[in-house]
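> Read off the chains here:
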Amino acid sequence: MSILCSVATRGRYETTLPLVLMAILNQTKLPDKLIIFDDNDDAKDMREMTFYQHFFRICLEKRLDWEVVYAPKKGQHHIHQIANTWGYKWVWRVDDDCIPETNVLERLSKYIEADDIGAVGGAILTPQSGVPIPYDLPSTGLIDQIDAEPNIQWGYITQAKPVQHLHCSFIYRAGVHDYHLGLSRVAHREETLFTYGLHQKGYVNMVVPSANSWHLKNPQGGIRSETKHEMFQHDEHVFRNMLGLRDKTIVVLDSGMGDHVVFSHVLKDIQNPEVFSCYPEIVPGRSIAEAHYLFGNLDQWSIYKKMIDWGWKDSLEAAYRKMYL
Amino acid sequence: MILISPYSKQLRSGKTNPKNYPFWKSVVELRDDFVQIGIEGEEQLVPDFRKNLPLSQLRQLINECDTWISCDSFIQHLGWDEGKKGIVLWSVSDPLIFGHAENVNLLKDRSYLAPNQFGWWEFVEHNSDAFVSPEIVKQALDSLLSFDKT
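So the sequences go chain by chain: H and Y. For the first sequence, the positions run 0 to 324 when numbering that gives the first Met the number 0 is used. For the second sequence, the positions run 0 to 149 when numbering that gives the first Met the number 0 is used.
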């Protein structure tokens with residue numbers, strides 16, 4: 000059961016990132032590989048920094064394979080998508096200011112043996128002086144309740160339970176669902192959309208007890224450090240539009256006429272499709288301009304990008320079936 | 000009547016699309032009942048050239064013709080969609096991915112296939128050697144038409 004640990008970082012070389020990395024190194028169960036996605040504008044060679052020199056030496060000693068990847072600076076959803084398609088069966092994503100207790104990966108891993116598990120998360124706790132952290136928040140974890148209840152991971156969890164979406168840091172089944180790349184660089188709601196997408200595909204997401212991480216919410220740095228209000232607005236707009244169509248299979252055909260003809264043979268097998276089409280005379284649907292407006296960048300629906308990612312050798316029709324069925 | 004769709008989509012760079020069959024002039028000498036379909040600006044190869052037809056008329060023509068010959072373009076999909084068997088002239092794109100087994104797929108050799116099947120065809124050079132000869136097209140056409148008669 001191969002596990003990749005993915006840490007996306009920005010502006011936290013000398014604050015919380017070292018704490019996070021040491022916490023990963025001190026796990027009772029180590030991942031098979033650690034990738035640090037360095038999203039800093041002025042990225043440094045971490046091997047030249049004293050703390051990280053020591054850290055990488057211990058990694059070597061503990062046989063934890065590590066790699067630093069200079070990230071594309073398009074937002075953490077793009078980084079997570081790279082990790083998602085790196086070739087591991089599971090990805091444990093850890094924020095660069097979210098410090099897992101030593102047993103977290105071991106605890107989360109116990110739940111991923113079942114075939115139907117999509118993602119598993121523990122409590123994501125923020126220490127605040129004078130404010131006690133609650134136990135077992137009365138939250139359902141249902142997407143319909145997202146505006147009405149606190150996230151269940153914000154309190155201690157004493158009982159494992161299924162939820163529809165997860166937050167912040169968790170382990171997930173890789174390569175079965177894509178991150179929504181139509182979000183802006185702040186990637187607001189990216190993990191909610193991603194984990195809910197796993198749920199929509201029939202996988203079970205869970206929160207589990209005794210897997211606590213400490214989310215410091217460090218005010219400096221962070222992968223979402225860009226604070227342009229318009230970006231959050233854009234992402235919230237995309238999020239609400241995706242939720243509005245959550246009972247549908249969203250089909251976006253931003254491709255050629257021939258591709259539309261081939262796809263038309265797949266359409267009848269798609270459950271409850273909501274189609275956006277370039278050639279409505281071949282495949283009836285709403286316009287591609289509207290899809291752009293609703294969902295932002297449409298690359299995630301590009302069948303050609305998918306076929307590249309999959310190293311595809313089979314037919315175009317089979318590719319559409321893999322994408323939508 | 001034999002329908003021909005000689006050209007694949009025009010490239011924005013103005014270069015010749017690597018999927019365009021280079022020996023059409025020899026092929027159209029084989030018979031006098033070819034009808035060409037395409038768009039304004041494409042070279043006319045036979046007296047009957049019908050341009051910019053709407054989808055409904057294309058479907059109708061496909062159903063009326065004895066068979067059709069096309070490079071890897073929209074028409075090979077439409078012919079398949081209409082259940083009318085035709086001949087597809089391949090070069091750099093892979094018929095196992097983009098073709099349909101119901102058609103007669105003429106590929107000279109898989110060694111000519113572009114390494115990246117999903118990139119822009121703008122970046123692939125046209126190579127006349129990558130296509131089958133007009134003689135092979137003639138054989139395939141004769142075989143298809145005689146099969147239809149039986």
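In case anyone wonders, no lab produced these hints; they're calculated from the structure. Keep in mind that a hint or two might mislead.
Unchecked claim - Distance ranges between label pairs, derived from CB positions: (1) H:Asp143 to Y:Ile38: 48 to 54 Å; (2) H:Glu280 to Y:Lys84: 20 to 26 Å; (3) Y:Ile38 to H:Asn39: 48 to 54 Å; (4) Y:Asn115 to H:Ala113: 36 to 42 Å.
Claimed, not checked - Okay, the calculated bits of chain Y under chain H, using three or more residues with CB under 8 Å as the criterion: (5) 11-25; (6) 87-97.
Think of the CB as a built atom: it goes at the ideal place given N, C-alpha and C, for glycine as much as any other residue.
> Take the hints in turn and mark each one as holding or not.
Right, here's what the structure says about each hint:
1. At roughly 50 Å, the beta-carbon separation of aspartate 143 of chain H and isoleucine 38 of chain Y lies within the given 48 to 54 Å, and the hint holds.
2. The hinted window of 20 to 26 Å between glutamate 280 of chain H and lysine 84 of chain Y holds, with their beta carbons roughly 24 Å apart.
3. For the pair isoleucine 38 of chain Y and asparagine 39 of chain H, the beta carbons lie near 50 Å from each other, so the given range of 48 to 54 Å is met.
4. As the Cβ distance of asparagine 115 of chain Y to alanine 113 of chain H is approximately 38 Å, the hint placing it in 36 to 42 Å holds.
5. Only residues whose beta carbon comes within less than 8 Å of a beta carbon in chain H count, and the stretch 11-25 of chain Y has 0; fewer than three means the coverage is violated.
6. Look at the stretch 87-97 of chain Y against chain H: 3 of its residues bring a Cβ nearer than 8 Å to a Cβ of that chain, three or more, so the hint holds.
Going down the numbered hints, you'll see the structure goes against just number 5.
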